[in-house]
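Enquirer: Single-letter residue listing:
Protein chains: 2
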Amino acid sequence: MKKIINRTDQVVEQMVEGIVKSHPDLIERIPNTRVIARTDKGPGKVGLVSGGGSGHEPAHAGYVGRGMLSAAVCGDVFTSPTPDQIHEGIKAANQGKGVLLIVKNYTGDVMNFDMAKELAEMDDIEVDQIIIDDDISVEDSTFTTGRRGVAGTVLVHKIVGAAAEAGASLQELKALGEKVVKSIKTIGVALTPCTVPEVGHPGFELGPDEIELGIGIHGEPGFSREKIMPSKDLAKQLFDRINKEHHFISGDKVVVLVNGMGGTPLMEQYIFANDVHELLGAAHVDVEKTIVGDYMTSLEMAGLSLTILKLEDERWVDMLNIPVQTIAWK
Amino acid sequence: MKKIINRTDQVVEQMVEGIVKSHPDLIERIPNTRVIARTDKGPGKVGLVSGGGSGHEPAHAGYVGRGMLSAAVCGDVFTSPTPDQIHEGIKAANQGKGVLLIVKNYTGDVMNFDMAKELAEMDDIEVDQIIIDDDISVEDSTFTTGRRGVAGTVLVHKIVGAAAEAGASLQELKALGEKVVKSIKTIGVALTPCTVPEVGHPGFELGPDEIELGIGIHGEPGFSREKIMPSKDLAKQLFDRINKEHHFISGDKVVVLVNGMGGTPLMEQYIFANDVHELLGAAHVDVEKTIVGDYMTSLEMAGLSLTILKLEDERWVDMLNIPVQTIAWK
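Protein chains in written order, with the UniProt record's numbering: chain A, 1 to 330; chain B, 1 to 330.
Treat the hints with caution; some may be incorrect.
[To be verified] Using 27 Å as the maximum straight-line C-alpha spacing, the simulated DSS-like pairs for lysine-lysine come out as follows:
id	chain 1	residue 1	chain 2	residue 2
1	A	K179	A	K232
2	B	K179	B	K244
3	B	K310	B	K244
4	B	K41	A	K330
5	B	K330	A	K330
6	B	K236	A	K2
7	A	K330	B	K21
8	B	K310	B	K253
9	A	K2	B	K97
10	A	K41	B	K310
11	B	K330	B	K21
12	A	K21	B	K244
13	A	K253	A	K227
14	A	K236	B	K21
15	B	K182	B	K227
16	A	K21	B	K310
17	B	K253	B	K236
18	B	K253	A	K2
19	B	K236	B	K310
20	A	K21	B	K41
21	A	K232	B	K21
22	A	K2	B	K232
23	B	K41	A	K227
24	A	K232	B	K236
25	B	K232	A	K236
26	B	K97	B	K174
27	B	K330	A	K21
28	B	K21	A	K253
29	B	K41	B	K97
30	A	K244	B	K236
31	B	K2	A	K21
32	B	K253	A	K310
33	B	K174	A	K21
[To be verified] Here are some, though not all, of the chain B residues that point toward chain A, as calculated from beta-carbon distances under 8 Å:
id	residue
34	S22
35	L119
36	G263
Simulated from the structure, these hints should not be mistaken for laboratory data.
Quick caveat: nothing in here was measured; it's all calculated off a predicted structure.
Beta carbons are placed, not taken as given, at the ideal position from N, Cα and C, and that holds for glycine.
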């Protein structure tokens, strides 16, 4: 294992320190926790808390700041944060108007965020949650009942974050978030595996010309292993699966997120984005916004995911476009 | 070779299309060229043109937009753009106040940008240039006489871009750029090589526990092959070399850029950034700003570079902090 780290049992601790020291204007660490919180607290607004296992950077700490998350809770690599840590995140986010938890659908995360919600309610903090399950690849995967939560989570952070900043109530934010989640479909592909530092070897193996369609962001199995294929064929396969969910008709409006998994050059992401635009154009679907880059990674995995948000409400694009003060949202 | 591409001879063409289709609000392609230009032309301002071989994305197209570059010229992968293409970039950038070329120090780039300058002068466009040679690793490398231009180029784009936006003259921008370049020192390390699509195999080889110190962004040789070492030891080696150039004394003020080469997880970049902060703290040097992420890549190479800008003028930090409208500068 060749990684720029010090000790395998300190990667998250030292990463959190590095993030906080690098961006003291935007974020701070709640002392003795793995919680990264906004320095600009957003008084009078509903707090937004997300998090999960580390290894998906810039998710979620990169989305903490004015206009997006109030706090992110950093678990061990690919491991849910504990309820007490999430509880600290809720306390940091609370400005008296309640806190919304944005949780990716993994059994450990759902359970621990739920327990943290109960702990916070004992402090008289009003807490609600939304569960993100945008990955259409498989049902009931490793660590998951139902569908997994993946890159589409970032769009939820941004849209709900814009509404929270504008003063929406906890109930309004939950309803908005759930509507957005239903409109987001994602599917991924891996070209290489990745290595969790504490494990020391790749989580799975792929042959020199093999790719895995439907991969999860922790290397959970997808639905098919195939030979590497041209980008446009790959785009078509992923798009067709998403289309089976969205049932696009002429004139539909969408937002596209091409998300690099960590080890994929932007060159390949943009070539793929070009092919996705061709497919959407042929289907007479209007792309209102395209986002390309590493937004929800899986350590050094090579691969990408395609997320398409079908716009049930055109204001969602404005909410995606409003500038924020975070490390990673561009 | 496992890449998300269509044809090896069309990677740059399709990447440029993908970039332009993804960000039509910010940039446009000059028809029949490989030039990506601002949609907001910046009338009455000096134009800024950069570019070079592709494969370093988001450099340079990601830095085109209000407050940074006027145009970027995209060569083939790791290959200088031709003079006629650069000439087109200059024409696109020209708003009647002259055009400054920001050129990384590689023999091909320097020659071709120089020829393009002559072509543009025949059109009566006033053109001047600055050469970036921030890489302190080696002298007279492959493709280079003197020192190479690497990640520090992005800081020049941003600082000079802020001054151009504020209305500085061509002469003022050249003087500013040259002063900034002298204050930037960079050094890189590779953990893995990368593969140019048209070549089809890695540009060099590294053993499973080997790293190369002083690597160039096209895989040019560095100064030492060593075994993988802890991040803090790596940080010390790179920092010590930079310190031999900058001769830091207590109270010096700096900007730090930890730049991922393409295949390095942000987790590792932030662990390394934490170690760099420790070293600067021990040297009583004040870090005024830290930038972490993939700013000047080398396709899928795993590795990173450390850039330290010594602040000869504290306004440079303000110029780095002014918001811009580009794809990639955060």
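Enquirer: None of the hints should be skipped; say for each whether it holds.
Expert: Outcome of the hint check:
{"no.": "1", "hint": "A/K179 with A/K232", "in the structure": "violated, 31 Å"}
{"no.": "2", "hint": "B/K179 with B/K244", "in the structure": "holds, 19 Å"}
{"no.": "3", "hint": "B/K310 with B/K244", "in the structure": "holds, 13 Å"}
{"no.": "4", "hint": "B/K41 with A/K330", "in the structure": "holds, 21 Å"}
{"no.": "5", "hint": "B/K330 with A/K330", "in the structure": "holds, 6 Å"}
{"no.": "6", "hint": "B/K236 with A/K2", "in the structure": "holds, 18 Å"}
{"no.": "7", "hint": "A/K330 with B/K21", "in the structure": "holds, 17 Å"}
{"no.": "8", "hint": "B/K310 with B/K253", "in the structure": "holds, 6 Å"}
{"no.": "9", "hint": "A/K2 with B/K97", "in the structure": "violated, 50 Å"}
{"no.": "10", "hint": "A/K41 with B/K310", "in the structure": "violated, 32 Å"}
{"no.": "11", "hint": "B/K330 with B/K21", "in the structure": "holds, 20 Å"}
{"no.": "12", "hint": "A/K21 with B/K244", "in the structure": "holds, 24 Å"}
{"no.": "13", "hint": "A/K253 with A/K227", "in the structure": "violated, 32 Å"}
{"no.": "14", "hint": "A/K236 with B/K21", "in the structure": "holds, 18 Å"}
{"no.": "15", "hint": "B/K182 with B/K227", "in the structure": "violated, 32 Å"}
{"no.": "16", "hint": "A/K21 with B/K310", "in the structure": "holds, 18 Å"}
{"no.": "17", "hint": "B/K253 with B/K236", "in the structure": "holds, 19 Å"}
{"no.": "18", "hint": "B/K253 with A/K2", "in the structure": "violated, 33 Å"}
{"no.": "19", "hint": "B/K236 with B/K310", "in the structure": "holds, 18 Å"}
{"no.": "20", "hint": "A/K21 with B/K41", "in the structure": "violated, 37 Å"}
{"no.": "21", "hint": "A/K232 with B/K21", "in the structure": "holds, 15 Å"}
{"no.": "22", "hint": "A/K2 with B/K232", "in the structure": "holds, 15 Å"}
{"no.": "23", "hint": "B/K41 with A/K227", "in the structure": "violated, 45 Å"}
{"no.": "24", "hint": "A/K232 with B/K236", "in the structure": "violated, 45 Å"}
{"no.": "25", "hint": "B/K232 with A/K236", "in the structure": "violated, 45 Å"}
{"no.": "26", "hint": "B/K97 with B/K174", "in the structure": "holds, 13 Å"}
{"no.": "27", "hint": "B/K330 with A/K21", "in the structure": "holds, 17 Å"}
{"no.": "28", "hint": "B/K21 with A/K253", "in the structure": "holds, 15 Å"}
{"no.": "29", "hint": "B/K41 with B/K97", "in the structure": "holds, 12 Å"}
{"no.": "30", "hint": "A/K244 with B/K236", "in the structure": "violated, 53 Å"}
{"no.": "31", "hint": "B/K2 with A/K21", "in the structure": "violated, 37 Å"}
{"no.": "32", "hint": "B/K253 with A/K310", "in the structure": "violated, 47 Å"}
{"no.": "33", "hint": "B/K174 with A/K21", "in the structure": "violated, 33 Å"}
{"no.": "34", "hint": "S22", "in the structure": "holds, 4 Å"}
{"no.": "35", "hint": "L119", "in the structure": "violated, 28 Å"}
{"no.": "36", "hint": "G263", "in the structure": "holds, 5 Å"}
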